[in-house]
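The lines below spell out each chain.
There are 2 protein chains.
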Amino acid sequence: MNNFTFNIPTDIRFGKGQIECLSQELEKYGKRVLLVYGGGSIKKNGIYDQVMEQLKDFDVWELSGITPNPRVSKVREGSLLCKKHKVDVILAVGGGSTIDATKHIAAAACYEGDPWELVLDKTKVLKALPFAVVLTICATGSEMNCGAVITNEETNEKLELNTPLLYPRLSICDPTYLYTLPKSQTAAGTVDILSHVMEQYFQPNDEAYITDVMSEAVMKTVVTYGPIAMEDSDNYEARSNLMWASTIALNHLLTVGKGGAWSVHPIEHVVSGLYDITHGFGLAILTPAWMEHILNEDTKKRFARFARTVFGVVNEDDMIAAKAGIVAIREFFKELGMPETLSEVGIDDSKLMWMSKEAVRTSGISTRAYVKLDEENVYEILKKSM
Amino acid sequence: MNNFTFNIPTDIRFGKGQIECLSQELEKYGKRVLLVYGGGSIKKNGIYDQVMEQLKDFDVWELSGITPNPRVSKVREGSLLCKKHKVDVILAVGGGSTIDATKHIAAAACYEGDPWELVLDKTKVLKALPFAVVLTICATGSEMNCGAVITNEETNEKLELNTPLLYPRLSICDPTYLYTLPKSQTAAGTVDILSHVMEQYFQPNDEAYITDVMSEAVMKTVVTYGPIAMEDSDNYEARSNLMWASTIALNHLLTVGKGGAWSVHPIEHVVSGLYDITHGFGLAILTPAWMEHILNEDTKKRFARFARTVFGVVNEDDMIAAKAGIVAIREFFKELGMPETLSEVGIDDSKLMWMSKEAVRTSGISTRAYVKLDEENVYEILKKSM
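Protein chains in written order, with my numbering: chain A, 33 to 418; chain B, 33 to 418.
Just so you know, these hints were derived from the structure itself, not from any lab. Hints are supplied without guarantee of correctness; some may be wrong.
Chain copies aren't distinguished; within one or between two, either way the pair holds.
As the list claims (entries may be wrong) - Derived pair list, reagent style SDA-like, types lysine to any residue, alpha-carbon separation capped at 25 Å:
1) K115 - T212
2) K159 - N39
3) K60 - T195
4) K389 - V403
5) K48 - P371
6) K118 - T42
7) K159 - D43
8) K154 - G291
9) K118 - A356
10) K154 - C53
11) K63 - E263
12) K60 - T155
13) K215 - L197
14) K118 - K416
15) K159 - E59
16) K63 - N39
17) K48 - N34
18) K76 - D89
19) K332 - I358
20) K332 - E269
21) K333 - P162
22) K48 - T37
23) K366 - D381
24) K366 - C142
25) K333 - V345
Could you put together the complete structure from these sequences and hints?
Take a look at the structure:
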């Protein structure tokens, strides 16, 4: 097991009605609030009203219109609002995109230069405004970690900003807030959660047994409840298990004692940075192709274990079980209504080599991944995904 | 899933050589340190010297002689030292008993009345000194939770003190520090860890699937590595998996979304409060008797699931699988060299009814346990354990 530190300051309030604590918790940081949200679905489903009821004694400025693959231009806008109005605390109401933008705004509000400089060099983040989260989409785990993924629409870069200063102080996770999500968002979120665990599970280190079995537990949860939540949108048991799974999947717990770079996310980030497709769709397309590419005599044992524990594959031969696991994950993504090829989401093969180079350039995929992938390998995976 | 909060401020530094950060982290709280430890084994195995090397620029007072089932008399002594020398921060070097005593001292040092009053009424804990931990025995999970169990040797009471003010600020968990543990302590610790997970797993709520599967993952880890750590004392993989399992087992993660009172610990606390036996020995004796007592048509499903996932029992009939699970756990405890009866550890049947009444009086066992147990039920379990 590798050495690790584990220290998450976020205060999670999980369950029905937890919004009731918002006012009291938020005022610990001050009364001047920047409210950050997305396209306005929170106004239709009533969450906006519940939040504003809690904020009735606060001074509130609003930044709406945060999109999937959140843009640095919105971050610039948000950080200017914070500086101009001397905001004390930011409140993100939304999913991963809104939270990620909020993290970047929190840092940018305490920085004199352009916000994108912080993404290019995170050591420049020396301070950040405190911020809280009301979670309305579960997928990215951003509510209990200190990472954010931001897109620069001028350079087509989609990069990560990650520093311990960017943990939410408070995250309110009410599973009933997920009831009104469109099926496709529930499905894409499910793929994202599963992929987060897989990225950590498929790593070089075999000695962190406890982390591996806990990862299998979380993946079983996702595979069990994802389809139920999609079909039966107000099933509290499914929504709550899936919501907590999404948090656990990326709060550091499932990576402790292991180590290495992620494999599929770096490729997908380049694809969605360029073509603006839904992140979960991209993962669903690329994951099986990646699995097929790296399955070999060395990796078959872990693939077989994955297949048996997560998808209940019963076969004693590791290679046969491993292949059955890839078939099972393809079937699972299909059941969730995911696209199967890049062509289906309108991507042609004209930029495959550029994307391969970008994936290698912007990540540790060629040096520290479970199976190291150079530009040619990434190209093959993308080609296979067409 | 029940509503819950999750918020653990403890900074965990896990792995070989983590002691190196002690000096730097501790001085955040001040330079006047009370060092708390047990019977002196840390002087033989070199940990004391490593700690003192880190503390060479600090003013250090020492409180040694903390025993298993730590006594309130030592807490009184420790809190007086803190007050007299204006201690800034306490450092516990040891296992659960030393950490628990330290927690109580941290609270008592900020309280004017007698320390035992805090155990009887935890709302009196309004403040506590900061404290850190260097873990040398893994079992109780006290390094990442805010609970302590303290014995009053005058009244023969063994009670819990539990408040969010009593989280360690820092816990250094170096698996190599466990290499010199006697076999019996490794074994007793293994039983304690397994029991902690079982207490949370056997609860009325079935909807927290994710918590249940993660609990099964941790129990599998304990059953896999406990015997290896006992036989092969410097096996890093076994020690590290077991050490992190002990922390996870009782840091709140495996109880979220569930709820209810524990069953075996409250009985064992009365037994060891009166007879001063090793806690893990008491649990190993009482657990199978408790399982046999509560196995019935209503509970067989969960028992069968436990048997299949933790001990690999293969049988489709729930009652048969459940019974095989109880046989398996008896065998497991035997393999660890645990005593099987109370008589073996020198306890006669003269106080069984008194202990039954105490267990019911001092816990929620009769009102909120997985299967509610009144005095007669507890008496039967104790009788069966003779």
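Verification of the hints:
1. K115 - T212: Result: close neither inside a copy nor across copies, 34 Å intra and 57 Å inter.
2. K159 - N39: Result: close both inside a copy and across copies, 18 Å intra and 22 Å inter.
3. K60 - T195: Both: 23 Å inside a chain and 21 Å across chains, each within 25 Å.
4. K389 - V403: Within one copy, since 17 Å is at most 25 Å while 60 Å is not.
5. K48 - P371: neither (33 Å within a copy, 46 Å between copies)
6. K118 - T42: Cα proximity of K118 and T42: one copy only (24 Å, versus 32 Å across).
7. K159 - D43: For K159 and D43, both the intra-copy (20 Å) and inter-copy (20 Å) Cα distances are at most 25 Å.
8. K154 - G291: within (20 Å within a copy, 41 Å between copies)
9. K118 - A356: Cα proximity of K118 and A356: none, with 57 Å in one copy and 65 Å across.
10. K154 - C53: between (32 Å within a copy, 23 Å between copies)
11. K63 - E263: neither (41 Å within a copy, 59 Å between copies)
12. K60 - T155: Between copies, since 22 Å is at most 25 Å while 28 Å is not.
13. K215 - L197: neither (34 Å within a copy, 43 Å between copies)
14. K118 - K416: Classified as neither: same-chain Cα gap 51 Å, cross-chain 68 Å, threshold 25 Å.
15. K159 - E59: Close inside one copy (20 Å) and across copies (22 Å); limit 25 Å.
16. K63 - N39: between (28 Å within a copy, 23 Å between copies)
17. K48 - N34: Classified as between: cross-chain Cα gap 9 Å, same-chain 38 Å, threshold 25 Å.
18. K76 - D89: within (23 Å within a copy, 61 Å between copies)
19. K332 - I358: For K332 and I358, the Cα distance is within 25 Å only inside one copy (11 Å; across copies 35 Å).
20. K332 - E269: between (34 Å within a copy, 22 Å between copies)
21. K333 - P162: neither (44 Å within a copy, 46 Å between copies)
22. K48 - T37: between (32 Å within a copy, 12 Å between copies)
23. K366 - D381: Within. Shortest intra-copy distance 23 Å satisfies the 25 Å Cα cut-off; inter-copy 63 Å does not.
24. K366 - C142: Answer is neither: 44 Å inside a copy and 60 Å across each miss the 25 Å cutoff.
25. K333 - V345: both (13 Å within a copy, 23 Å between copies)
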